[in-house]
Amino acid sequence: MSVSPHPIPQPGTEEYQPVFAGPTLEQLSEILKRYPTKQAALLPALWLVQAARGWISDRNMAEVGEVLGLTAAYVKGVVTFYTMYHQHPVGRHFVQVCTTSPCNICGAEAVVKALLDATGAKELGATSPDGKWTVIEVECLGACGFATPVLVNDDFIESVTPDGVPDLVKRYK
Amino acid sequence: MADELVNLTIDGVPVSVPKGTLVIEAAKQAGVLVPHYCYHPGLPVAGVCRMCLVDIEKAPKLQIACATQVAEGMVVRTQSPQAKSGRMGVLELLLINHPLDCPICDQAGECELQDFTFQEGRPATRYSPDYAKRFNPVEDFGPDVLYVPNRCILCTRCVRFMEDVAKEPVLNVSERGDRAFIGIHSDGRLDHPWAGNVVDLCPVGSLLSKDFLHKARAWELDKAASICTGCSQGCNVTLDTRENVVVRVRPRPNLDVNRYFICDHGRMNYRWMNRGDRIEAPLVRRDGELHATDWDEALDVVASRLGGAGGKTVALVSPKASTEALFFARELFRGHEWSGAFQVVMGEEAPLAGVPNLALRAERAPNGRGAELLGYGRDYASALAAAETAAVVLVLDEPDIAVRTAGKLVYVGTVLPERARDAEVVLPIANVAEEEGTFVNRDGRVQRYFQAKPAPGMARPAWWVFAELVATLQGGGHVATAADAFDRLAVSVDAFRGLSYGQLGFAGAPAPAAAVPA
Amino acid sequence: MGYPHKPHPKETVVLSKHFGEADARTYKGWVKRGGYEMLAQALTLEPARVIDVVKESGLRGRGGAGFPTGLKWSFMPKEKKKPHYLCVNADESEPGTFKDREIMRWTPHALLEGAAIAAHAIQAEVAYIYIRGEFTEPWAVMEKALAEATAAGVFGAIKLYLHRGAGAYICGEETALMNSIEGKRGNPRIKPPFPAAAGVFGMPTTINNVETLAAVPLILKKGAAWYKGLSLSSPKSTGTKLFSVCGHVQKPGNYEVTMGFPLKDLLFDLCGGVPPGRTLKACIPGGSSVPILNREETEGCLLDYEGVVEKGSMLGSGGVIVFDDSTDMVYQIMRLARFYAHESCAQCTQCREGTAWTTKILERILSGQGKTADLDLLLDLADNMTGKTICVLSDSCAAPVVSGIKKFKQEFEDYIAGRRKPVMVA
Numbered sequence: 035m036s037v038s039p040h041p042i043p044q045p046g047t048e049e050y051q052p053v054f055a056g057p058t059l060e061q062l063s064e065i066l067k068r069y070p071t072k073q074a075a076l077l078p079a080l081w082l083v084q085a086a087r088g089w090i091s092d093r094n095m096a097e098v099g100e101v102l103g104l105t106a107a108y109v110k111g112v113v114t115f116y117t118m119y120h121q122h123p124v125g126r127h128f129v130q131v132c133t134t135s136p137c138n139i140c141g142a143e144a145v146v147k148a149l150l151d152a153t154g155a156k157e158l159g160a161t162s163p164d165g166k167w168t169v170i171e172v173e174c175l176g177a178c179g180f181a182t183p184v185l186v187n188d189d190f191i192e193s194v195t196p197d198g199v200p201d202l203v204k205r206y207k
Numbered sequence: 023m024a025d026e027l028v029n030l031t032i033d034g035v036p037v038s039v040p041k042g043t044l045v046i047e048a049a050k051q052a053g054v055l056v057p058h059y060c061y062h063p064g065l066p067v068a069g070v071c072r073m074c075l076v077d078i079e080k081a082p083k084l085q086i087a088c089a090t091q092v093a094e095g096m097v098v099r100t101q102s103p104q105a106k107s108g109r110m111g112v113l114e115l116l117l118i119n120h121p122l123d124c125p126i127c128d129q130a131g132e133c134e135l136q137d138f139t140f141q142e143g144r145p146a147t148r149y150s151p152d153y154a155k156r157f158n159p160v161e162d163f164g165p166d167v168l169y170v171p172n173r174c175i176l177c178t179r180c181v182r183f184m185e186d187v188a189k190e191p192v193l194n195v196s197e198r199g200d201r202a203f204i205g206i207h208s209d210g211r212l213d214h215p216w217a218g219n220v221v222d223l224c225p226v227g228s229l230l231s232k233d234f235l236h237k238a239r240a241w242e243l244d245k246a247a248s249i250c251t252g253c254s255q256g257c258n259v260t261l262d263t264r265e266n267v268v269v270r271v272r273p274r275p276n277l278d279v280n281r282y283f284i285c286d287h288g289r290m291n292y293r294w295m296n297r298g299d300r301i302e303a304p305l306v307r308r309d310g311e312l313h314a315t316d317w318d319e320a321l322d323v324v325a326s327r328l329g330g331a332g333g334k335t336v337a338l339v340s341p342k343a344s345t346e347a348l349f350f351a352r353e354l355f356r357g358h359e360w361s362g363a364f365q366v367v368m369g370e371e372a373p374l375a376g377v378p379n380l381a382l383r384a385e386r387a388p389n390g391r392g393a394e395l396l397g398y399g400r401d402y403a404s405a406l407a408a409a410e411t412a413a414v415v416l417v418l419d420e421p422d423i424a425v426r427t428a429g430k431l432v433y434v435g436t437v438l439p440e441r442a443r444d445a446e447v448v449l450p451i452a453n454v455a456e457e458e459g460t461f462v463n464r465d466g467r468v469q470r471y472f473q474a475k476p477a478p479g480m481a482r483p484a485w486w487v488f489a490e491l492v493a494t495l496q497g498g499g500h501v502a503t504a505a506d507a508f509d510r511l512a513v514s515v516d517a518f519r520g521l522s523y524g525q526l527g528f529a530g531a532p533a534p535a536a537a538v539p540a
Numbered sequence: 499m500g501y502p503h504k505p506h507p508k509e510t511v512v513l514s515k516h517f518g519e520a521d522a523r524t525y526k527g528w529v530k531r532g533g534y535e536m537l538a539q540a541l542t543l544e545p546a547r548v549i550d551v552v553k554e555s556g557l558r559g560r561g562g563a564g565f566p567t568g569l570k571w572s573f574m575p576k577e578k579k580k581p582h583y584l585c586v587n588a589d590e591s592e593p594g595t596f597k598d599r600e601i602m603r604w605t606p607h608a609l610l611e612g613a614a615i616a617a618h619a620i621q622a623e624v625a626y627i628y629i630r631g632e633f634t635e636p637w638a639v640m641e642k643a644l645a646e647a648t649a650a651g652v653f654g655a656i657k658l659y660l661h662r663g664a665g666a667y668i669c670g671e672e673t674a675l676m677n678s679i680e681g682k683r684g685n686p687r688i689k690p691p692f693p694a695a696a697g698v699f700g701m702p703t704t705i706n707n708v709e710t711l712a713a714v715p716l717i718l719k720k721g722a723a724w725y726k727g728l729s730l731s732s733p734k735s736t737g738t739k740l741f742s743v744c745g746h747v748q749k750p751g752n753y754e755v756t757m758g759f760p761l762k763d764l765l766f767d768l769c770g771g772v773p774p775g776r777t778l779k780a781c782i783p784g785g786s787s788v789p790i791l792n793r794e795e796t797e798g799c800l801l802d803y804e805g806v807v808e809k810g811s812m813l814g815s816g817g818v819i820v821f822d823d824s825t826d827m828v829y830q831i832m833r834l835a836r837f838y839a840h841e842s843c844a845q846c847t848q849c850r851e852g853t854a855w856t857t858k859i860l861e862r863i864l865s866g867q868g869k870t871a872d873l874d875l876l877l878d879l880a881d882n883m884t885g886k887t888i889c890v891l892s893d894s895c896a897a898p899v900v901s902g903i904k905k906f907k908q909e910f911e912d913y914i915a916g917r918r919k920p921v922m923v924a
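Chains as they are written, first to last, in the working numbering: chain A, 35 to 207; chain B, 23 to 540; chain C, 499 to 924.
No wet-lab data here; the hints were simulated from the structure.
Each residue gets a CB set at the ideal place from its N, CA and C atoms; glycine is no exception.
Hints are supplied without guarantee of correctness; some may be wrong.
Said to hold, decoys possible - Reference excerpt, derived from the structure (chain C facing chain B, CB under 8 Å, subset only):
1) Ala-844
2) Gln-845
3) Gln-848
4) Asn-882
Based on the sequences and whatever the hints tell you, model everything.
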């Protein structure tokens with residue numbers, strides 16, 4: 035998916051800090067109560083990892099596996115299926131722009147171009163040199179009547195136009 | 023509820039099968055092989071490859087035979103135009119990214135993609151040259167397995183084997199859509215003791231054995247049914263030979279023993295069958311040295327030197343020797359003060375978790391139980407001690423034992439150890455790949471193995487050597503074949519009563535009174 | 499309500515009555531609007547009784563399949579021997595569809611109440627509401643609403659939980675949704691077994707769409723006869739439907755009309771028609787997985803399950819995508835094929851390889867490298883991709899291709915013959 039120009043920490047150079055400790059572990063314990071199997075907490079657990087670390091590394095996957103009684107390979111198979119989980123670091127503001135047909139015919143591709151320019155990311159999937167922005171195209175975001183919808187991290191912004199892009203970008207530090 | 027039978031018709035052939043049978047299995051009874059990839063009787067049904075599409079009367083759409091159960095009065099047509107067109111469609115789509123690797127691919131000649139494409143695929147491509155095929159580099163999954171993603175058809179047999187049969191999900195499907203491939207975790211290796219089965223399961227040349235890589239072409243191989251000698255489980259195998267050299271061991275299905283699988287230890291355990299440093303002629307001691315001679319003289323020498331010696335006889339035998347050989351070796355010393363023993367190398371057990379009663383067993387020899395049933399014991403230390411003062415010591419194919427005796431040593435074996443230079447007589451025998459015979463596994467199952475290649479030089483089956491000596495020393499007829507040898511054994515030993523080679527066939531049978539000791 | 503516009507007089511405002519009212523999202527606000535009365539009542543009724551009412555009403559699944567809801571509930575075992583589950587399908591990812599999102603972010607309690615009633619009817623103690631990962635605002639609203647309602651104790655012994663998806667359209671398929679809840683890849687399952695026999699965690703399960711469940715409290719309140727009466731044409735299609743209209747219309751949004759409403763009126767009356775100076779070229783009435791209608795078919799189409807089938811398409815999710823004459827149909831069909839290629843789970847050969855190949859052929863046609871044989875190839879591929887796979891994603895990719903080539907053949911031929919300037923696709 036993305037190619038980040040930032041150096042990715044080499045595995046093994048520092049001691050691994052588990053994600054599931056303290057409050058995060060408590061959150062997971064609560065979540066586990068909702069399902070009859072530990073495995074069912076996998077997607078929620080992966081969201082917790084991504085919320086804590088910004089992305090999910092191979093080592094994280096192994097940890098999730100240990101906590102839920104699954105193999106690391108199994109966890110990886112699940113992570114790679116779902117496109118919202120990042121398998122490597124991304125910009126501080128992760129931008130998803132819908133370009134599927136209903137938005138496409140309402141100018142979505144122009145919005146993408148405007149965002150790539152305004153953020154300095156330049157290329158789809160690349161992180162801007164200042165590390166702040168990654169922009170990708172995604173499939174239907176379920177807001178077709180509000181073309182073009184854009185997700186910036188968890189902010190769902192409707193009806194974005196190329197003209198509105200510079201202001202949108204300015205809002206994020 | 024007793025198995026209700028369901029009657030249906032497959033390609034015009036009426037069949038009757040138990041309720042719950044899958045159409046793809048029922049078809050086998052009708053003599054019809056429904057083309058398929060992801061289906062395997064040893065794995066849970068996936069229904070993903072879509073290759074086994076068949077036409078079922080009254081069903082609005084084509085159905086997959088691997089996931090459809092038989093129903094009374096069902097009419098199945100595998101060769102209807104729609105079914106064939108549906109399958110041709112699947113083949114075309116499998117081939118658009120599958121590289122034309124046949125000339126360099128190990129699977130060629132035993133490849134189901136080749137076979138079904140020839141049978142019902144398109145004659146030409148509609149994809150190339152417009153697009154490049156998907157490309158990913160070869161991956162090393164572990165000790166013996168290579169993964170060639172380009173050739174993978176994503177049938178997921180390997181993933182399901184590791185997850186549901188080996189119970190260690192170390193293979194996954196990674197990514198989605200046409201970007202999908204079989205993956206392992208970066209920290210993982212495919213080193214499970216039974217992992218080699220994924221290579222057999224792979225219908226194409228995507229998962230390959232490093233051991234077999236580029237070694238031989240499938241059509242050059244001769245095949246013989248055999249029994250694995252790696253441990254006491256007695257897995258049924260096929261020995262593949264090329265120009266009389268064993269080049270590969272693969273599992274042979276046996277629902278009562280190993281189902282469809284063998285462990286890696288057994289799989290890799292065949293090079294010794296090709297050893298060149300074999301005893302190739304009988305040797306007799308003359309003037310203080312061993313001299314090569316022919317069988318007539320060698321057997322005469324043994325007979326004369328044994329016939330004279332009364333008293334204590336100790337037999338130290340290999341638990342790899344055939345039941346027939348062990349029987350006649352025992353018969354030879356009827357009337358003597360006899361003790362016999364065998365020693366088994368022990369190792370770690372490695373079960374295949376998803377199959378009941380299947381494991382790489384701690385006892386690393388195939389015929390310990392057979393030896394026991396014939397009166398040989400396990401107290402090797404006592405036997406060695408007794409050997410020191412015995413009149414005759416027979417060592418059967420145990421090159422590594424440190425036997426010391428004041429009496430006469432008769433060494434019958436495949437390779438000649440240093441110690442055997444003190445022997446009176448050395449007689450060369452065939453190894454398991456070079457003869458017919460039987461083993462009794464740990465559960466008391468008697469199973470036949472067949473000859474895969476000729477024995478070197480003048481080596482003969484061990485059962486023949488001892489049967490000849492028995493005929494010479496005790497009278498009674500000569501034994502012409504291994505089947506006859508077994509018949510003699512079955513008549514004399516209660517545990518084998520009623521059995522015969524004809525009965526044992528390729529699947530073996532439990533010995534009537536040979537239950538597993540607690 | 500033609501949300502985000504003021505309700506049009508021709509709308510029949512039932513589910514969308516409180517869209518836009520911030521207060522309606524709170525527990526207290528919803529109770530003020532009559533909420534949770536029917537749940538309280540339903541909990542005192544025999545489950546079979548509740549099923550009967552819903553059956554009688556003719557309510558059909560609003561997610562796309564249109565399966566009669568009461569009938570679906572009745573497939574659950576009557577005698578309770580194992581845990582039963584309800585799964586709410588809030589994975590709304592069908593291009594053109596954006597109604598469930600509105601229900602969740604404006605009337606979350608309508609969904610919660612409907613889900614609880616459904617859980618009671620099918621004797622489920624646990625309900626999972628599977629919300630797609632990208633729906634961050636609906637998630638936040640639902641989370642708050644669920645907490646408030648749970649604290650108020652309205653659900654009795656029934657436990658409702660939210661479960662977040664992570665970016666996979668295929669998880670809107672009911673069996674894939676169950677696999678996703680179980681912590682697996684979102685692969686659809688072969689059927690049988692059917693969910694009512696062995697669903698999530700191998701237990702009897704019913705899966706219902708958001709819009710379907712949101713209608714349930716009202717059906718209980720006003721009666722099955724009332725709901726049946728909300729139909730202009732076929733008695734087989736009752737009640738109202740939220741149609742998500744998008745694309746080349748002046749007033750895109752969700753419009754609630756009774757079943758049988760003319761598509762022409764929806765587009766030109768309620769939505770203000772196509773932009774000025776443009777003409778209607780094509781319309782996909784039920785989300786991108788249904789065949790494309792040309793102008794004539796669009797203008798003659800009645801919006802109920804049978805009416806749309808009559809025109810050669812399907813009501814589906816009710817996601818109405820409007821294309822005016824500025825649209826490059828070949829490009830948009832390529833873009834849809836690319837959508838399906840991206841979302842294919844990779845299990846079935848035809849879908850995994852076929853969606854990608856279809857996309858490639860369309861890209862090549864757009865780039866000016868098309869051949870006359872390509873159209874037959876596309877149709878042949880579409881035929882191989884239809885009716886032969888575990889789920890219908892493969893068929894869904896074929897639908898716009900087949901209907902597009904049939905009805906807009908000239909546009910394809912123009913690219914192939916070099917009469918149209920090639921488009922280089924990224």
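A quick look at each hint next to the structure:
For the restraint placing Ala-844 (chain C) at the interface with chain B, the shortest Cβ-Cβ distance is roughly 4 Å, inside the 8 Å limit, so the hint holds. Given the 8 Å rule on beta carbons, the hint for Gln-845 (chain C) holds: about 4 Å separates it from the nearest Cβ of chain B. The interface hint given for Gln-848 (chain C) is met, as the beta carbon of that residue sits about 6 Å from the closest beta carbon of chain B, less than 8 Å. Because the closest C-beta pair between Asn-882 (chain C) and chain B is about 3 Å apart, less than 8 Å, the hint holds.
Of the hints listed earlier, there is not a single one the structure fails to meet.
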